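Peer 1: Next come the chains, spelled out residue by residue.
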Amino acid sequence: SQTIHQWPATLVQPVGSPLSLECTVEGTSNPNLYWYRQAAGRGLQLLFYSVGIGQISSEVPQNLSASRPQDRQFILSSKKLLLSDSGFYLCAYQGDKESYEQYFGPGTRLTVT
Amino acid sequence: DQQVKQNSPSLSVQEGRISILNCDYTNSMFDYFLWYKKYPAEGPTFLISISSIKDKNEDGRFTVFLNKSAKHLSLHIVPSQPGDSAVYFCAASAFNNDMRFGAGTRLTVKP
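Residue numbers (our numbering), protein chains in the order written: chain E, -2 to 110; chain V, 2 to 112.
Derived by calculation from the structure, the hints in this document are not laboratory data.
Be careful, since some hints might not be right.
Just so you have them, the derived chain E footprint on chain V, three or more residues with Cβ under 8 Å [what the hints assert, rightly or not]:
#, stretch
1, 23 to 30
2, 43 to 57
Part of the chain V face toward chain E, derived, beta carbon under 8 Å [to be verified]:
#, residue
3, TYR33
4, LEU35
5, PHE90
6, SER94
Every value quoted in this text rests on a predicted model; they were computed, and no experiment measured them.
We treat Cβ as the ideally placed atom computed from N, Cα and C, and that holds for glycine.
Can you make the complete structure from the sequences, with help from the hints?
Peer 2: Have a look at this one:
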């Protein structure tokens, strides 16, 4: 069966510090992978998506970046966090590229202080 | 730009009654629509979907209706149960490209 993991579950970081969030998927090959952010009181905002290793598309210009070093690994990074980066970060995968459904990980709650 | 809109941030319904959650979209290229359910501090879980070639899809207590001319879809939950209390997100996709989500509607089902 397919599963998706995200870590850490919660993170408190000071402004200006770096960030690295990791997402891994099991039970599927060459999935489409996505990073979303849910800010307080808002919906899900697509940040990045990847259709393969090393292939990253950015939806929103910001101080975040994403990388896909391996087929089932997706990393969200920042060199210097801003207060506005606080939010709930969700990784999702689309295992069957003929299907539309995306499946989400448990999320990471990031608080920038 | 908000291509998918959920104009009601919250909805309160009595247990056993019908819950109707609404969603509007602006992009006529969307060809697939989905509803997700989300509990606090968890990732959204897929609930039900509908292709643009259909106007209704039913799965147990959940039914999604699509009105393409009005660019409107709705999710009906009958009968509503307290465990249905969650935030519901509407999402839309065009040709299996990236998905756009609405802001969500918080449903509260009162016992």
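Peer 1: Tell me if the interface restraint on TYR33/V is satisfied: Cβ within less than 8 Å of some Cβ in chain E.
Peer 2: Holds: closest Cβ of chain E sits about 4 Å from TYR33/V, inside 8 Å.
Peer 1: Residue count check for the stretch 23 to 30 of chain V against chain E: does it reach three with CB-CB under 8 Å?
Peer 2: violated (count 0)
Peer 1: Check, residue by residue, whether the stretch 43 to 57 of chain V contains three or more positions whose beta-carbon lies closer than 8 Å to a beta-carbon of chain E, and give the verdict.
Peer 2: Holds: 6 residues of the stretch 43 to 57 of chain V have a Cβ under 8 Å from chain E.
Peer 1: Just to be careful: measuring from the Cβ of LEU35/V to every Cβ in chain E, is the smallest value less than 8 Å?
Peer 2: holds, 7 Å
Peer 1: Against chain E, run the beta carbon of PHE90/V and see if the smallest gap drops under 8 Å.
Peer 2: holds, 6 Å
Peer 1: Could you check if SER94/V really has its C-beta closer than 8 Å to a C-beta on chain E?
Peer 2: holds, 5 Å
Violated hints amount to a single one, hint 1; each of the other numbered hints is respected by the structure.
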